[in-house]
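2 protein chains.
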Amino acid sequence: MSETTTGQTFATGSVPVGRAPGRPRSERAEKAIIEATLDLLAEESGVAGVSIEAVAARAGVGKTTIYRRWPNKEALIVGALAAAKRPLRDPGRGTVREDLLVLARELGAERRDRHARCFWNVAGGAEKHPELYARYRHDVIEPRREVLRRVLRRGLDRGELRPGADPEVAIALLVGALAHRAPLDRLPEGFPEAVVDAVLGGIGAEPTVRDDTGR
Amino acid sequence: MSETTTGQTFATGSVPVGRAPGRPRSERAEKAIIEATLDLLAEESGVAGVSIEAVAARAGVGKTTIYRRWPNKEALIVGALAAAKRPLRDPGRGTVREDLLVLARELGAERRDRHARCFWNVAGGAEKHPELYARYRHDVIEPRREVLRRVLRRGLDRGELRPGADPEVAIALLVGALAHRAPLDRLPEGFPEAVVDAVLGGIGAEPTVRDDTGR
DNA sequence: GATATACGAAACGCAGCCGTATCGGACGCC
DNA sequence: GGCGTCCGATACGGCTGCGTTTCGTATATC
Numbered sequence: 001m002s003e004t005t006t007g008q009t010f011a012t013g014s015v016p017v018g019r020a021p022g023r024p025r026s027e028r029a030e031k032a033i034i035e036a037t038l039d040l041l042a043e044e045s046g047v048a049g050v051s052i053e054a055v056a057a058r059a060g061v062g063k064t065t066i067y068r069r070w071p072n073k074e075a076l077i078v079g080a081l082a083a084a085k086r087p088l089r090d091p092g093r094g095t096v097r098e099d100l101l102v103l104a105r106e107l108g109a110e111r112r113d114r115h116a117r118c119f120w121n122v123a124g125g126a127e128k129h130p131e132l133y134a135r136y137r138h139d140v141i142e143p144r145r146e147v148l149r150r151v152l153r154r155g156l157d158r159g160e161l162r163p164g165a166d167p168e169v170a171i172a173l174l175v176g177a178l179a180h181r182a183p184l185d186r187l188p189e190g191f192p193e194a195v196v197d198a199v200l201g202g203i204g205a206e207p208t209v210r211d212d213t214g215r
Numbered sequence: 001m002s003e004t005t006t007g008q009t010f011a012t013g014s015v016p017v018g019r020a021p022g023r024p025r026s027e028r029a030e031k032a033i034i035e036a037t038l039d040l041l042a043e044e045s046g047v048a049g050v051s052i053e054a055v056a057a058r059a060g061v062g063k064t065t066i067y068r069r070w071p072n073k074e075a076l077i078v079g080a081l082a083a084a085k086r087p088l089r090d091p092g093r094g095t096v097r098e099d100l101l102v103l104a105r106e107l108g109a110e111r112r113d114r115h116a117r118c119f120w121n122v123a124g125g126a127e128k129h130p131e132l133y134a135r136y137r138h139d140v141i142e143p144r145r146e147v148l149r150r151v152l153r154r155g156l157d158r159g160e161l162r163p164g165a166d167p168e169v170a171i172a173l174l175v176g177a178l179a180h181r182a183p184l185d186r187l188p189e190g191f192p193e194a195v196v197d198a199v200l201g202g203i204g205a206e207p208t209v210r211d212d213t214g215r
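Line by line, the protein sequences give chains B and W. Quick note: the first sequence uses the UniProt record's numbering, first residue 1, plus one each step. Quick note: the second sequence uses the UniProt record's numbering, first residue 1, plus one each step.
Some clues are possibly wrong.
[Unchecked claim] Computed list of lysine-lysine pairs in DSSO-like fashion (alpha-carbon distance at most 27 Å, straight line):
#1 B:Lys85 - W:Lys128
#2 W:Lys31 - B:Lys31
#3 W:Lys128 - B:Lys63
#4 B:Lys128 - W:Lys85
#5 W:Lys128 - B:Lys73
#6 W:Lys63 - W:Lys85
#7 B:Lys73 - W:Lys85
#8 W:Lys128 - B:Lys128
[Unchecked claim] Examples of chain W residues toward chain B, derived with CB under 10 Å:
#9 Ala83
#10 Val122
#11 Gly202
[Unchecked claim] Covered stretches of chain B (in silico footprint by chain W; criterion: 3 or more residues with CB under 8 Å from a CB of chain W, positions within the stretch not fixed):
#12 39-46
#13 53-60
#14 75-89
#15 164-175
The hints are simulated quantities; they were obtained by calculation from the structure and are not laboratory data. These figures come from a predicted structure and were not determined experimentally. Each residue gets a CB set at the ideal place from its N, CA and C atoms; glycine is no exception.
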């Protein structure tokens, strides 16, 4: 492969270090293509709404330049999504509650971002494009969940969380509550904080007398 | 309107009671169209993936029969979604925990249904088709949330929930945790139950000594 | 400057879909 | 049995997109 086609390992961006027979591929064009793809994937209704021609037009690029890198539309979207990683930053400096508050506010704020809107469209088309969804989940979603997982495990180790608590359930609660709304409608004021405290404290009446300082 | 077009109030299914000049519209065809529309909306990637021609073909119907009832594709989808109501049934016979368990299991089981897959695609296209999403939210989503709201309020009235608990936050936790996964991937065994108990009891370590019977 | 590749632009044939129009026939009421 | 409407089928012009090909040009290394 590398002999005949000058090492065109699609969409890896691996610049041929040792050799470069002709004009090298434009890194600028590649970035513009990826940006345009993500924009369209976020704006249009799903994978079906993204067209190569629209991507080329928005990126200011010829279709040739796209097909030289990715063999078809689905591969293009896969590549673009892989480049769209946005891992959460582990605050890692406070109590579990403090760390979760930081992350929850971040999750709440991100909802209107391109990233979040892409998520809906990719998840919705999961059955039509299972490989696309699987890679997205592995490359983008999981690293983000891993940060939450780490924070929660720290809390368990420190005894700040109830010993039997299941981190996966906690992640589902936090992420679900904050992300499971169409990007269109807004979160109420103070919602991320309320979610964190509800997850930590529960909403059930206590079987034992509880210190009623609030949370 | 009713004079010139024989009362064709689009997609209301209101049979002209007093008068019926010509051949009445086939109720069977209408149902087939709606079913086909929902099927396609669930299977394809979003609104963009639904085509009138595909609906007609799947429903075994001429395109004319569709355009006679709905003026365009978006109206067709709106109409089909309105007919796809599936309100939750209020169990209404046990404690809050028992009722929530019933509802949570129902939510978990519904995830792979056509209904849930439509939801993802409609929510994802919310920005491209805001009116469609708004009506869907009002006609389908809200009645379902209302059931949860009623159960939670009952719990508050009975003192089974902590007095200050916010039902909206609780709904977000429950629905989010159970529904915010692509229809593709499965819920772990016992997940709905774990979610309910996590929401009721919280995951935080208790400030006071807690009866360690589990829940 | 020779060579090799990438670039953007344009055009291709093919396919799908939109929304409309036109069929012959079916149906229900008067 | 006549009338009005609906039925499914088919075809239309127009548009958009796919994936390929062909341009002339630009930009690297040798």
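Against which earlier hints does the structure fall short, listed by number upward?
Hints 2, 7, 9, 13, 14 not satisfied by this model.
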